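Enquirer: As a plain string of letters, each chain reads:
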Amino acid sequence: MIPLNYYLALSAILFSIGVVGVLARRNAIIVFMSIELMLNSVNLTLVAFSAYLGNATGQMFVFFVLTVAAAEAAVGLAIIIALFRNKMTVNIDEINIMKW
Amino acid sequence: MSLIDILFYFFATIAVVSASIVVFSRNIIYSAFSLLFTFFAVAGLYVLLNADFLAITQLLIYVGGILVLMLFGVMLTHKVVSVDMKTGTLKILPAALITSMIAGTLIGIFTVTDWRVAPLQTGDPIPTAKGIGEMFMTTWLLPFEVASVILLIALIGAAIIARREKEAK
Amino acid sequence: MLQQILDSVKIFQPEITLVIVLCAAILIDLIVKNKPQFIASIVMAGLFVAGYFVIQQSGVAVSIFSNMFVVDSFSVFFKVIILLTAIFVVMFSMQSKELNNGKRKLGEYYAFVISMTLGMLLMTGASNLLMMYLSIELTSLSSYILAGYKKETPDSSEASLKYIIYGAVSSGMLLYGISILYGLTGSLNIYDVNQVIQQGGVSLLALIAANLLMIVGFGFKISAVPFHFWTPDVYEGAPITITAFLSVASKAAGFALMIRYFFVGYYDPLASAINGYFTTIGGFDWHIIIAILSVATMTIGNFTAVWQNNLKRLLAYSSIAHAGYMMMGVVVLNNEGISAIMIYFATYLFMNLGAFYIVMLIADKIGSEDIDSYKGLGYKAPFMAVVFAIFLISLTGLPPTAGFIGKLYLFAALINSGWIWLAIVGVLNSVVSLYYYVRIFRNMFLRDIDIEHEPIKFSPSHFIVALLLVIPTLVLGLYFGPLVDFAQASVGILGIK
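Chains as they are written, first to last, in our numbering: chain A, 1 to 100; chain B, 1 to 169; chain C, 1 to 497.
Derived by calculation from the structure, the hints in this document are not laboratory data. Errors might be hidden in some of the hints.
[Stated by the list, open to error] Example chain C residues on the side facing chain A (calculated, C-beta under 8 Å, incomplete):
#  : residue
1  : 3
2  : 145
3  : 157
4  : 158
5  : 160
6  : 169
7  : 176
8  : 182
9  : 186
10 : 468
[Stated by the list, open to error] Estimated spans, in silico, between C-beta atoms of each pair:
#  : chain 1 : residue 1 : chain 2 : residue 2 : range
11 : A       : 55        : C       : 4         : 19 to 25 Å
12 : B       : 60        : C       : 56        : 41 to 47 Å
13 : C       : 55        : B       : 17        : 56 to 62 Å
The model shown is predicted, which means the values in this text are computed figures rather than measured ones. Each residue gets a CB set at the ideal place from its N, CA and C atoms; glycine is no exception.
Between the sequences and the hints, there should be enough to build the whole structure, so can you do that?
Expert: Next comes the structure, spelled out in structure tokens:
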């Protein structure tokens with residue numbers, strides 16, 4: 001039998017990989033992929049709690065996270081494409097007309 | 001070690017390895033494809049947690065929708081033929097250090113916490129689709145409707161932002 | 001169940017009105033092409049109807065849609081603030097040259113203004129962590145799109161990209177926090193969460209971790225330091241009408257949501273009945289975290305504003321500082337603090353929108369938002385310069401303007417509850433803010449006096465909107481009784497006595 005903590009540990013690892021991707025990578029699309037990793041780890045936590053607590057609330061929440069993630073990805077990629085038309089780059093480093 | 005244990009370790013390994021490739025790979029196409037494996041592994045874990053319908057949804061939305069979208073993004077913003085697909089990467093060692101620091105803190109907190117949970121139900125899993133459908137139409141009606149507004153907004157918004165503007169009349 | 005849903009729909013008219021207006025704006029834009037002013041007037045009418053329904057709700061205190069959403073006097077107050085801001089923003093948008101240059105379709109622009117307003121109304125009443133998340137996302141997605149609306153200029157889509165990346169990361173953190181809280185309590189409803197924590201036995205360390213992650217999400221919405229990095233770039237890159245909208249309404253909604261979550265979630269009914277203060281439960285003193293963030297927010301906001309030369313950026317940092325002042329009201333943990341925040345928001349609405357409006361008008365006329373281009377403005381456009389000066393005085397918090405009343409009640413609430421050091425930090429910060437507001441003032445009236453000035457012409461509608469904003473700013477500074485009464489009557493959060 002797998003204890004709950006194993007699932008939580010796995011999701012914590014996935015979450016931190018996602019956070020590092022967001023902090024360290026410069027390509028906007030990879031940053032979005034890292035954000036999807038973070039959301040997946042959240043979903044895993046919710047489903048694990050839902051199963052071990054024996055109530056469906058956590059599972060229901062995940063459906064909404066999926067929906068919003070899809071919406072966010074669509075808008076995010078549209079913005080990346082619009083920016084690419086203007087500047088021909090998706091590297092966050094090169095996007096810096098504006099500073100402090 | 002039972003079959004479920006073996007499956008858990010199998011999926012967990014795939015998830016962690018492929019997630020690391022997503023973040024650390026120099027090639028954006030590799031990143032996109034290993035994201036596919038992460039999504040698959042997480043869907044497998046959902047099945048182990050008795051969430052069958054959710055696992056299918058995960059495949060449909062993440063693999064069928066979001067990942068394809070990402071791949072389109074990669075293709076539209078990179079001139080695949082002329083420019084090499086390498087993207088700036090990060091030093092493995094410091095990144096691994098930060099990852100293990102964050103993960104370590106979280107795992108530490110989780111281990112000392114008393115979660116007060118019941119043991120996982122065993123036996124034949126019950127299909128969840130019917131119950132989920134009923135809940136969407138009753139107690140979860142308001143979030144369901146709000147989610148539909150969110151999707152409407154995202155649909156129109158993405159079209160507006162990505163569309164080429166006509167020249168001023 | 002069906003009866004319960006039908007009953008809920010009856011109390012949900014403002015939001016339903018906005019959904020109908022949203023769909024109508026999109027459809028009408030498809031049928032009647034290139035008539036943005038027509039769509040703007042439909043949207044405006046819809047906002048007024050929604051406002052009428054909101055005012056009808058005052059005094060109601062119910063929980064609807066299976067405890068997903070709450071209508072109480074606390075949310076009614078914030079809904080009024082948000083709808084008023086939206087009405088002003090639609091007015092600004094109808095006049096803005098930046099938007100009405102024929103280069104882009106505006107029908108959808110107004111639709112997104114409505115969807116953002118809808119998201120913010122939902123934020124004020126959400127009583128379930130899922131509804132909180134969804135309403136934050138509805139607001140954020142609409143604002144990502146609106147921030148990138150001038151997409152032919154690179155900085156607008158750049159601002160939009162930064163905004164969505166920071167936004168998505170912070171909502172990921174918020175979700176992780178929510179998932180831990182769900183694991184601890186087994187529920188997403190904040191009233192149930194409160195019950196479980198009251199019973200005791202919830203692990204404190206995990207509770208703190210969950211709340212720190214959630215504060216990242218809330219802090220992003222109210223642009224509290226250190227989650228404010230997106231603010232200056234987005235405020236500068238977005239169309240100025242949207243900047244004004246974000247700086248007032250989005251903050252109000254964020255505060256309403258944060259206050260409801262913390263006050264309901266960690267409320268101890270036994271101790272609060274005795275001394276009138278909310279006592280925290282489970283050993284978790286969340287207000288200390290807010291106090292630290294509040295000091296950081298106002299100090300960094302004010303000190304960075306000193307160096308800014310672009311007025312949009314300067315006002316962005318000044319709005320960060322104002323969020324810091326308002327967070328002090330949350331720290332106090334009593335009704336006096338909440339009503340002080342409400343009074344502050346009501347005054348902040350007029351003065352901040354006014355300042356952005358004048359910056360928009362001047363940018364439309366002289367094509368610059370730079371502080372140096374305001375030299376001699378007092379002679380080129382005396383009326384607008386004087387009005388701008390009034391808004392700046394009010395933002396500093398000097399009498400006889402509305403800003404003074406807002407600060408007065410806030411500091412009074414702090415001192416009455418013994419947070420003297422925090423009040424002193426707040427006052428010192430106001431002094432710093434005086435410095436950069438005076439810089440604008442000096443440029444307008446004391447520079448370039450000798451040279452000939454070409455007067456700038458404004459249309460009557462510009463004067464009307466400016467007066468609509470400046471008159472409340474002055475009147476609320478002298479005759480503030482009704483506002484204070486309204487705010488003090490509106491502190492009732494459902495479930496808290």
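Enquirer: None of the hints should be skipped; say for each whether it holds.
Expert: Cross-check of the supplied hints:
1. 3: violated (23 Å)
2. 145: At about 6 Å, which falls below the 8 Å cut-off, the nearest Cβ of chain A leaves the hint on residue 145 of chain C intact, so it holds.
3. 157: holds (4 Å)
4. 158: holds (5 Å)
5. 160: holds (5 Å)
6. 169: Since the shortest Cβ distance to chain A is 5 Å, the answer is holds.
7. 176: Result: holds, 5 Å to nearest chain A Cβ.
8. 182: Holds - the Cβ of residue 182 of chain C comes within 8 Å of chain A, reaching about 6 Å at its closest.
9. 186: holds (5 Å)
10. 468: violated (32 Å)
11. A/55 / C/4: 19 to 25 Å: Cβ of residue 55 of chain A to Cβ of residue 4 of chain C: about 20 Å, so the range 19 to 25 Å holds.
12. B/60 / C/56: 41 to 47 Å: Since the Cβ atoms of residue 60 of chain B and residue 56 of chain C sit about 43 Å apart, the hinted range of 41 to 47 Å holds.
13. C/55 / B/17: 56 to 62 Å: Holds, at about 58 Å.
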